[in-house]
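Could you build all of it, start to finish, from the sequences and the hints given here?
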Amino acid sequence: MGIELKNVTKYFGRKRALEDVSFEIKDGEFVCFLGPSDAGKSVLLRVMAGLEKVNSGSVLFDGQDVTKLSVRDRNVAMVYQDFINYPNMNVYENIASPLRVAKKYSKKEIDKKVHEVAELLNIDKILRQKPEEISGGQRQRTAIARAMVKGAKYIFLDEPLANLDYKLREEFRTQLKETFSNREGAFVYATADPIDAMALSSHTGYLYEGKLLQYGDIEEVYNNPSFSMVGKYFSNPTMNLLEGSLNRNDKTIEITKELKIDVSGYIDRLSSENYILGIRPKDIGFKDGPNKVKICGELMLSEIVGSETELHIDYNGQNMIVLEPEIVHYQYGNTIELYLDENRFFIFDANDKSLVAKTGGDKNGNA
Amino acid sequence: MATLEFKNISHSYEYSFGKVKDKEKAEWVINNLNVVWEDGTANALLGPSGGGKTTMLNIISGLLRPSEGQVLIDGKDATDFSPQERKIAQVFQFPVAYDTMNVYNNLAFPLRNSGYAKNKIDSKVRKISELLNLDEYLYESAGSLNEGEKQKVSLGRGIIRDDIVAMLLDEPLTLIDPKLKNGLRRVLMRIQRELKLTMIYVTHDQHEALTFADYVSILNAGTIVQSGTATELYDNPKQPFVGFFIGSPGMNFIDCSLSQGILDCKGFTLDIKTFLEKKGVKEEGEVKLGIRPESVLISKEQTKASTPFNIQVVENFGHYRIITVEGMKKRIKAKISSSMNVSVGERVFLSFPQDKIILFKQDSRIL
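As they're listed, the protein sequences go chains A and B.
For the record, in the first sequence the residue sitting at position 97 is 97 according to this note's numbering, with numbers rising by one throughout.
For the record, in the second sequence the residue sitting at position 14 is 14 according to this note's numbering, with numbers rising by one throughout.
In case anyone wonders, no lab produced these hints; they're calculated from the structure.
Keep in mind it's a predicted model, so treat the numbers as computed, not measured.
Using N, Cα and C, we set each Cβ at its ideal position, and we do this for glycine too.
Errors might be hidden in some of the hints.
Said to hold, decoys possible - Estimated spans, in silico, between C-beta atoms of each pair:
| # | chain 1 | residue 1 | chain 2 | residue 2 | range |
| --- | --- | --- | --- | --- | --- |
| 1 | A | ALA102 | B | SER257 | 50 to 56 Å |
| 2 | A | SER354 | B | LYS196 | 18 to 24 Å |
| 3 | B | LYS300 | A | GLU219 | 17 to 23 Å |
| 4 | A | SER70 | B | ASP214 | 54 to 60 Å |
| 5 | A | GLU178 | B | GLU147 | 50 to 56 Å |
| 6 | A | LYS130 | B | ASP80 | 23 to 29 Å |
| 7 | B | ASN341 | A | GLY361 | 16 to 22 Å |
| 8 | A | LEU69 | B | GLN93 | 42 to 48 Å |
| 9 | A | ASN88 | B | ASN133 | 43 to 49 Å |
| 10 | A | GLU298 | B | LEU63 | 37 to 43 Å |
| 11 | B | ASN341 | A | GLU178 | 50 to 56 Å |
| 12 | A | SER271 | B | LYS196 | 34 to 40 Å |
| 13 | A | ARG269 | B | VAL344 | 36 to 42 Å |
| 14 | A | GLU298 | B | ASN310 | 30 to 36 Å |
Said to hold, decoys possible - A few chain B residues that don't get close to chain A, going by computed Cβ distances all over 10 Å:
| # | residue |
| --- | --- |
| 15 | LYS7 |
| 16 | LYS25 |
| 17 | LYS76 |
| 18 | PHE94 |
| 19 | VAL165 |
| 20 | SER248 |
| 21 | PHE268 |
| 22 | ARG292 |
And the structure:
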């Protein structure tokens, strides 16, 4: 049971929005589609909801072809960024409106459903208030309640947190995940924020210029990003990507004279000359230890994000980000020593950007 | 370059406009503020909207005369000075530049108005445009620039006169595309360091405030609840509000009563007698326990000092997880390593290390 897309392609005029997209979502999954703006995330959601027709390919719900069915006949609901539908109605009326439009529920039934869903989303105390009188987080929850009240099986959320400040996002993510764990069907969520994807979802897909570059279990995608774009995006802060070239004599990929990565175990599989080495900011630190490579860089900027510090370092003209798991202060412009964990590199082919091997896995460079 | 100071500043719009004659009955937006912004320092005013940030800013710049108190610039009373006389540059959310003029003329404009000599104007424009990384756009019209570059032009226009002593920034990055923010942030920090201007940055975003400023004042409901460096605010919040607002997720709070060194958390107790004695804390009665999610210890096995809770939500952040647990009518968040496998519904045991516990009594810190 679930949603399946088979080879879906969608054009707007001559502009291709989706290219040969296929995947399967099972009931009970929370799926985030991640990618930069204009990658095709919103279109994909609208195709699943039945708000956009496709040029080729098919959409299946529970094995039934629904490609030709309109949004009304699909048992779905959609939540957008601009959340409130009726600014002059109170919260109760906003939630009740889809039921009233359906014209098949009695007053008593409507009242019961509105209260149930409001309680679930923790907005039962503000039902009589107007949207302008409540916080951004409460408005967003009202929009979700509205989407859930009809009992739609699949709920599509298009960047619902984009307008909220960070404290509200934090609170809302927890609430959304908790709400989801108590219901049937699936949530499908489009976001440009990798934190949303990581925190919320069980499965994720990465879209890039209308193509689904990778789809799978969240841990699997995080641990084995199949392209450098996926690795870079699906990391918070973004994965560092460093250019290097293969040295067949000493069986290393050389980024600089001091930074060489041993690839002797799987040199046979490396047919190109140039590679991109990816390392996540959390795998670079200030302490020496086993399997660490030392380099020196200049501190350009330090940012405090939540309860951690991101340090932007200039290394040989390349920007490198280091993550410290606490709030620390450093002097700018100082040269600092960094230690990179040599077992934590992803090796991508410089030409087609695909993942070729990982360091620190087995001898063959597999995960 | 100047030291700015607030002496017993209070403001009520009602009272100032004469709508309410009785001081006691008027609504006061800010209450008896005493603040010193030292010469050449980078400061931030941080707080939720509606806390009085804009009122404070307008009082500093001279757009608003406070109902009570004095504004001092280098020790001299400047309360009745006009914005021009104060020589303070201001940057707003929206870039302010003449779209039809090129960047050179935009920057030269304030100097021409003040009657600077032609060669002096030229050398100033070149110096400032270099600092702002705008030198390659000097002869392009401001209207053709992106929002980030345009905001740099606004900033340049504000600070280009020799007599400018301070700059006020009112959420200058809020409307700027996330991809352009980093460049702008670096430029702002460089300007402040090189020109040694006293800078006050107003924002509701803790990330920007803590990254940008050396000293952050947290404003809530018209009063400054705490000022300090990022580390001080994170490690030693003086009020629950600061503990919640700084750090992500914010601090956990539990209502307890303290008697003879035993903290009764209504459901479980903590013996902190020796610790209280060591710290010389004698208070007793109703208190609020505060502990950061990163300090809560989680174990799968029960020990003498641990308490059982059920996992409600698990959020994955790549290298760590945030779990929300419930028990004894309390909801607590804890940060755990991603190597610890946990699932929703599972029972875990929490403990609170004594040296990480903070106690508040009637909203002020006692431990």
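So, going through the hints one by one against the coordinates:
| no. | hint | verdict |
| --- | --- | --- |
| 1 | A:ALA102 with B:SER257: 50 to 56 Å | 52 Å, holds |
| 2 | A:SER354 with B:LYS196: 18 to 24 Å | 50 Å, violated |
| 3 | B:LYS300 with A:GLU219: 17 to 23 Å | 20 Å, holds |
| 4 | A:SER70 with B:ASP214: 54 to 60 Å | 58 Å, holds |
| 5 | A:GLU178 with B:GLU147: 50 to 56 Å | 37 Å, violated |
| 6 | A:LYS130 with B:ASP80: 23 to 29 Å | 42 Å, violated |
| 7 | B:ASN341 with A:GLY361: 16 to 22 Å | 20 Å, holds |
| 8 | A:LEU69 with B:GLN93: 42 to 48 Å | 45 Å, holds |
| 9 | A:ASN88 with B:ASN133: 43 to 49 Å | 47 Å, holds |
| 10 | A:GLU298 with B:LEU63: 37 to 43 Å | 40 Å, holds |
| 11 | B:ASN341 with A:GLU178: 50 to 56 Å | 20 Å, violated |
| 12 | A:SER271 with B:LYS196: 34 to 40 Å | 56 Å, violated |
| 13 | A:ARG269 with B:VAL344: 36 to 42 Å | 40 Å, holds |
| 14 | A:GLU298 with B:ASN310: 30 to 36 Å | 48 Å, violated |
| 15 | LYS7 | 30 Å, holds |
| 16 | LYS25 | 25 Å, holds |
| 17 | LYS76 | 33 Å, holds |
| 18 | PHE94 | 18 Å, holds |
| 19 | VAL165 | 23 Å, holds |
| 20 | SER248 | 3 Å, violated |
| 21 | PHE268 | 23 Å, holds |
| 22 | ARG292 | 7 Å, violated |
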